[in-house]
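Engineer: Sequence:
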Amino acid sequence: MTPEERFRRLYADHFDALLGYALRRTDTSDDAADVVADTFLVAWRRPGEVPEGERARMWLYGVARRTLANQRRGRGRRDRLGERLRDELALVAPDPADAAVERQRVATALARVSPADREVLELSAWEALEPREIAEVLGVSAVVVRARLSRARGRLRLHLLEAPESPPPPPPPPPGSRATPGARARAGSAARSGHVHDLAGHLSSRHPMTVPEEAP
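Just so we're aligned: 15 in this note's numbering is position 15 of the sequence shown, and the numbers increase by one with no gaps anywhere.
One or more hints might be untrue.
What follows is a list of derived Cβ distance ranges for each label pair [unchecked claim]: (1) 20 / 87: 35 to 43 Å; (2) 72 / 4: 31 to 39 Å; (3) 11 / 80: 31 to 39 Å; (4) 133 / 87: 36 to 44 Å.
No lab work stands behind these hints: they were computed from the structure.
Don't be surprised by glycine CBs; every beta carbon is placed ideally from N, CA and C.
Using the sequences plus the hints, can you model the full thing?
Structural biologist: Written out as structure tokens, the structure reads:
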């Protein structure tokens, strides 16, 4: 009998018993099929170690047992890695719902400052302009811009502390539907709030959370 014929006989004689062994010890049929395939692969690669007769089934069970142990260790490592990745992602990728609420809070606070304050804040954060550049845009001196920025930032922080947490804006209407004027206004406000969130992050990263004294 050639090695291939011997393997075919081994497979035909013990496949059902080995599959039942694996099914009773795994959570899914796919896992059981993997165990059976790996066990017969070992038998194919090491034909000289497979005993004759009924002892061959015990030998296959022993190989399957070690295969199961390796499978469980691999699953445990994958589960631990998945948990670690989820924990790390929670730190670097906050919940989008939380971000939407925060954007709404910032938009509410920004709407409460004066138009002049809002203009210098937007030029500083959205356009990333320095005070001397803002001064050129507004046609005033850089000294005036610095003082205005300092007061505007302080007022915005106060409004942020006072702003209650708000639910995120409603989603846009589905394609093909006709938006009402109120819905269009809310959509525009939501779009602006994204820029507002960037503005608040810009301010907080460049300036500590302190409230400057008002100039007399």
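Engineer: Cβ-Cβ distance between residue 72 and residue 4: within 31 to 39 Å?
Structural biologist: Taking Cβ atoms as reference, residue 72 and residue 4 lie about 32 Å apart, which means the hint holds.
Engineer: Can you tell me whether the CB distance of residue 11 to residue 80 sits inside 31 to 39 Å?
Structural biologist: holds, 36 Å
Engineer: So does residue 133 sit 36 to 44 Å from residue 87, Cβ to Cβ?
Structural biologist: holds, 42 Å
Engineer: Given the hint of 35 to 43 Å, check if residue 20 and residue 87 actually sit that far apart at their C-beta atoms.
Structural biologist: holds, 39 Å
Violated hints for the displayed structure: none, as all numbered hints are satisfied.
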